[in-house]
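Use the sequences and the hints to build the structure in full.
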Amino acid sequence: MSHLYFLLDEGHLSTRRLLDKLIILAALIFFGGLIFTMIAKEGNEGKKASPIFKAFHDCVRPRLTHLKGNYEQFWHSFTTLTESCDYLEAYKALDIRTAENQDKTKYVAFPHRDENLTMVTLGIGHDVNAEIKLKELYPNIEFFGADPASDINEDLYVNTLGGQYFECAVSGTTGMRKSRVYEREKYEEKITKHVGVDYFFKNVLQKDRIDILWIDIEQNEYPILEQLHSDGIIDRKGVKICQINVELHKDLFEPKSEIEMLKFHDFVWKLLEDKKYIMMKTHYVKASSFIRTFIVNVSDKECANLFLK
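When the sequence shown is numbered by UniProt numbering, its final residue is 309 and no position is left out of the sequence of numbers.
Calculated directly from the structure, the hints in this document are not laboratory data.
From the three backbone atoms N, C-alpha and C, an ideal C-beta is built for every residue, glycine too.
Treat the hints with care, since some could be wrong.
[As the list claims (entries may be wrong)] Here are the simulated DSBU-like cross-link-like pairs (lysine-lysine), alpha carbons at most 35 Å apart as the crow flies:
(1) K133 x K270
(2) K178 x K240
(3) K281 x K202
(4) K68 x K286
(5) K92 x K237
(6) K281 x K190
(7) K263 x K202
(8) K178 x K202
(9) K104 x K207
(10) K133 x K104
(11) K193 x K240
(12) K263 x K190
(13) K178 x K104
(14) K207 x K275
(15) K135 x K178
(16) K133 x K240
(17) K104 x K92
(18) K286 x K133
(19) K178 x K190
(20) K186 x K281
(21) K309 x K275
(22) K186 x K202
(23) K54 x K133
(24) K178 x K281
(25) K237 x K104
(26) K202 x K275
(27) K190 x K135
(28) K263 x K68
(29) K281 x K309
(30) K193 x K104
(31) K263 x K286
[Stated by the list, open to error] Pairwise CB distance ranges, derived in the manner of DEER restraints:
(32) Q73 x T160: 38 to 44 Å
(33) T174 x T80: 34 to 40 Å
(34) D266 x D114: 35 to 41 Å
(35) K186 x K301: 42 to 48 Å
(36) D151 x R113: 37 to 43 Å
(37) E154 x H66: 44 to 50 Å
(38) V285 x I259: 18 to 24 Å
(39) V204 x N116: 17 to 23 Å
(40) D231 x T80: 26 to 32 Å
Pasting the structure below:
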């Protein structure tokens, strides 16, 4: 009987030791993650801002501070409050030009030296007029386009533009997900193949630098924007994006939802803290509930050396 008690006691002690080890391991993981977060935050706070970012920050932030936390008013007022910041003296370091398609204007910062560029279009929408105009202005561009609807888009992107086409939606993660697809001259909601943007750039295109990125993907843009910051997946994969034209939508999948306004609000504030991108040429299309904006990477050395004087 005493032998049995000894075995039970040993089993109890072993279980307790295992639990103690698991508790210690969990504590180490927690505090390790906390320390990593604090170091990353301190590193970002200590990062020196470029003069062009400082000019952007010092002009834009004071105009928005009173709306921090007010997602709806922030969404509706952002363009009006910040439009005067589009004409800062520091922005003369950028050679900004325009390329128009059927219903919108794209902004492009041109390089200050002759170099082959990589351009990606996410969401072709039966229109490559702006890409063609860009190609005329600067021929040394390799074009890559992705859209889940191949009808018309593939022919335009490959045969008319001379680019490479991919039949998929590029968004935050890979899988079968909801998309708004432009077909037969109208948008339809469908479940389509999605490819994660980090995988698309790094593994499909095999590019470490995207010089020009145009995004018009009907509300799937938010999972991409969340990955752009210094602590984002795209950055951790070693992919840099030099400039972006993007449409930010709301009320497409869930009418009268505040979630997109919240995501826009948080993205802008993260941008102001991150010291990586400036945001300009913002245009609010109230009738269709979307915001167009132009974002430029002024922190990365490769991008800055190529596009800033």
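Quiz item: Among all the numbered hints in the text so far, which are the ones the structure does not match?
Solution: Hints that this structure does not satisfy do not exist here, as all of them hold.
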